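Q: One-letter residues, chain by chain:
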Amino acid sequence: MQARHVQSSYRDRTDEFSGIVESRRRSIAPTAANNAPYGSGGRREDPRSAAANQSEFSKRASLIGLAIHQTSQKLSKLAQLAKRSSVFDDPTREIQELTVVIKQEISGLNGALLDLQAVRNNNSHDNDERSISRDTTSHSATVVDDLKNRLMDTTKEFKDVLTLRTENMKIQEDRMKKFSKISSKESANPFVRQRPLASKPSPSQPAPLPWANGSSSSSSQLVPSRQGEAESSPLLQQSQQQQQQQQQMVPLQDTYMQNRAEALHNVESTIHELSNIFTQLATMVSQQGEIAIRIDQNMEDTLANVEGAQSQLTRYLNSISSNRWLMIKIFFVLIAFLMVFLFFVA
Amino acid sequence: MKITALLVLKAAPEATDPVILANASDVSHFGYFQRSSVKEFVVFVGRTVASRTPPSQRQSVQHEEYKVHAYNRNGLCAVGFMDDHYPVRSAFSLLNQVIDEYQKSFGETWRSAKEDSSQPWPYLAQALTKFQDPAEADKLLKIQRELDETKIILHKTIDSVLARGEKLDSLVEKSSDLSMASQMFYKQAKKTNSCCTIL
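Quick mapping for you: the protein sequence lines, in order, are chains A and B.
Going by the working numbering, the letters in the first sequence line up with residues 366 to 711, in that order.
Going by the working numbering, the letters in the second sequence line up with residues 182 to 380, in that order.
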């Protein structure tokens, strides 16, 4: 039991606690006969209920821990199955069953963990302070947190396994398409929606048997309909049945009508997608229009700045190259020298 | 995606064999010596299937490597021999069209036919060649195909618009840098101009 092991790493004081409870009970029991029955009953119930609550809490926590461990084991099995990406031996049904089971267990564990938390809160609210010490509350809080962390890890692993599974399925589909395309010698037209599905369903589905009754035709319809316009395979099986039984007329008509209805739905959804794409395109183009306007403004600013700077520089050049100031400056410098010279010498 | 043959028959009541009213087949992909036998085979299987198709019903039968689709409408039966890849819905819409066309051009005269008519019906031969591509027969398929093409083109457009957006972003940055630089240039020029009027 991993939960028990975890609890012991937090200094298990359960024995001390049960000892205290016993001593208290013994001390209260002689006085219970004298006191009012309700008050004593209430006080006598307290330590027992505290002990009961505590052991109930630990029992539940250990159960949850065990269940988490089992779920993670199943998850590792599922991961192994999902990694087995062989083209022909596809354990789809097992994987799906395992997935459903694991999902149920995880949701059940979630609920149990929430219950555990509620029980702990009830414990800490109902009882008096003397029966629930600070250590116990922190201990129970730590236990609940640990269990929650482990459940979160398990859920994350589960999600990873599911993504791995979908990737593998996509790879398998591509491989199947490649193989079946080679065998049919079709031109590589990406717009062709009809895939040579007559070869595909046979290796991967054991269900469609030619002597199966009409009920199986619906199940074989469900699986190929998952792949889009796959009318060829159910009709293939149905035509085989027809050669032996003549009771399949009505399902065939329905299949035909259903196929037409399905194709119409496809067209409608494609048109919706197209409209979405168009709106997105329009949004993006308008946003980029704003950016273009900003660029334009920046360029105009630059132009104005450069023109101003150019005018300043021409003015500067004019002022430098004109001689008038220069002559006056030289004259003043000479006069100053003369003054100084005369002043000091004479 | 090949149509091998198209037949129009009059499906008589159960006892008698159906009467062939029109026949068109494309046996070019068989060897020369096999062609006549293939035609006979087509006739025979067509008769069998048509006799087994109840009125106002559609039926598809797999025979060797062909799929035989049959549509019986009030005694007038259209049978088509297609390969496995031909989509079934297009096949049946094609048979619908054939029957409508036949009724339009021949009215009710076929009801009195007692033996196989050997006159070729040009429409059927044309239909055979035209409808080798299933999209022609089935409008839905054509629409779906065009929509898919459009979707792909739109995806490419959006990719190029995103690239344009990136380029515009880089342009905006460069232009803002340029405007900053020009502002500094202007300030420097003004500083050198206004400061040292002497010397």
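Everything labelled a hint here was simulated from the structure, so no lab data went into it.
Since this is a predicted model, take the numbers as computed values, not measurements.
Beta carbons are placed, not taken as given, at the ideal position from N, Cα and C, and that holds for glycine.
Heads up, a few of these hints could be off.
Derived Cβ-Cβ restraints for the label pairs, each shown as a range [stated by the list, open to error]:
1. B/Pro-235 - A/Gln-445: 47 to 57 Å
2. A/Ser-651 - B/Ser-209: 31 to 41 Å
3. A/Asn-475 - B/Arg-345: 16 to 26 Å
4. A/Gln-445 - B/Asp-340: 38 to 48 Å
5. B/Pro-235 - A/Ser-640: 42 to 52 Å
6. A/Gln-461 - B/Asp-281: 11 to 21 Å
7. B/Ser-351 - A/Lys-521: 35 to 45 Å
8. B/Asp-281 - A/Asp-525: 50 to 60 Å
9. B/Lys-320 - A/Gln-445: 46 to 56 Å
10. A/Val-632 - B/Gly-346: 29 to 39 Å
11. B/Lys-320 - A/Asp-525: 43 to 53 Å
12. B/Asp-340 - A/Gln-461: 28 to 38 Å
So these bits of chain A aren't anywhere near chain B, every CB distance computed over 12 Å [said to hold, decoys possible]:
13. Ser-420
14. Glu-462
15. Thr-502
16. Ser-503
17. Glu-627
18. Arg-659
19. Phe-706
Q: A separate judgement is required for each hint: does it hold in the structure or not?
A: Now the hints, each set against the structure:
1. B/Pro-235 - A/Gln-445: 47 to 57 Å: holds, 53 Å
2. A/Ser-651 - B/Ser-209: 31 to 41 Å: violated, 56 Å
3. A/Asn-475 - B/Arg-345: 16 to 26 Å: This hint is violated: roughly 48 Å between Cβ atoms.
4. A/Gln-445 - B/Asp-340: 38 to 48 Å: Holds, since A/Gln-445 and B/Asp-340 (Cβ atoms, about 39 Å apart) stay within the stated range.
5. B/Pro-235 - A/Ser-640: 42 to 52 Å: holds, 44 Å
6. A/Gln-461 - B/Asp-281: 11 to 21 Å: 46 Å Cβ-Cβ, so the 11 to 21 Å window is violated.
7. B/Ser-351 - A/Lys-521: 35 to 45 Å: holds, 39 Å
8. B/Asp-281 - A/Asp-525: 50 to 60 Å: holds, 57 Å
9. B/Lys-320 - A/Gln-445: 46 to 56 Å: holds, 49 Å
10. A/Val-632 - B/Gly-346: 29 to 39 Å: holds, 31 Å
11. B/Lys-320 - A/Asp-525: 43 to 53 Å: Roughly 45 Å apart at Cβ, these two residues keep to the hinted range, so it holds.
12. B/Asp-340 - A/Gln-461: 28 to 38 Å: At 36 Å between Cβs, range holds.
13. Ser-420: holds, 63 Å
14. Glu-462: holds, 33 Å
15. Thr-502: Consistent with the label, A/Thr-502 stays out of reach of chain B, its closest Cβ about 55 Å off (over 12 Å).
16. Ser-503: Fine: 53 Å to the nearest Cβ keeps A/Ser-503 off the interface.
17. Glu-627: The assertion about A/Glu-627 is violated, with a minimum of 10 Å to chain B.
18. Arg-659: Given a closest Cβ separation of 6 Å, the condition is violated.
19. Phe-706: A/Phe-706 is indeed farther than 12 Å from all Cβ atoms of chain B, at 22 Å.
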